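Could you build the full structure based on these sequences and the hints that come with them?
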Amino acid sequence: EKNGMVEIDSNKDWSFCVLTTKPLYGDSFLWEICLQAEDEVVFRDAAFLLISLHQRLAPSLLVQLESVRKGFVASCMNHIDEAARSLGLDKYESEDKKSIKTEQKELDGCRTEA
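Quick note, the numbering used here runs 5 ahead of the 1-based positions in the sequence shown.
None of these hints come from the bench; they were simulated from the model. Just so you know, these numbers come straight off a predicted model, no measurement behind them. Some hints here could point you the wrong way.
[Said to hold, decoys possible] Per label pair, the in silico range of CB-to-CB distance:
{"no.": "1", "residue 1": "Phe53", "residue 2": "Ala79", "range": "13 to 21 Å"}
{"no.": "2", "residue 1": "Ser20", "residue 2": "Asp95", "range": "36 to 44 Å"}
{"no.": "3", "residue 1": "Gly31", "residue 2": "Asp95", "range": "21 to 29 Å"}
Where is the CB? At the ideal position from N, CA and C, for every residue including glycine.
Structural data, given as structure tokens:
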């Protein structure tokens with residue numbers, strides 16, 4: 006069964022193939038489910054579907070796989086950043102992060118001196 010964007014094999018669970026690199030309808034709802042789910046199974050299934058939508062490309066789209074993956078990673082980071090901001094977590098920087106930044110500055114200084 007094809008709807009123009011996703012081809013679905015109704016005889017198998019989770020068997021589908023994405024036919025386009027255009028944004029898919031419902032993507033934002035899957036993100037909401039992932040970021041707000043209180044039930045681990047609900048989260049896991051929604052996350053699995055989101056990942057699968059970016060991995061199960063039609064053979065004709067495989068040449069764009071790297072671009073699709075980069076876009077998906079960027080989307081993941083944006084959604085996580087938005088969720089952190091909505092929780093007020095962007096106001097605080099962990100000691101680990103500060104330590105890593107300090108170490109990176111020291112390494113960068115060593116490289117320029119060498």
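Status of the hints after comparison with the structure:
no., hint, result
1, Phe53 - Ala79: 13 to 21 Å, "20 Å, holds"
2, Ser20 - Asp95: 36 to 44 Å, "39 Å, holds"
3, Gly31 - Asp95: 21 to 29 Å, "27 Å, holds"
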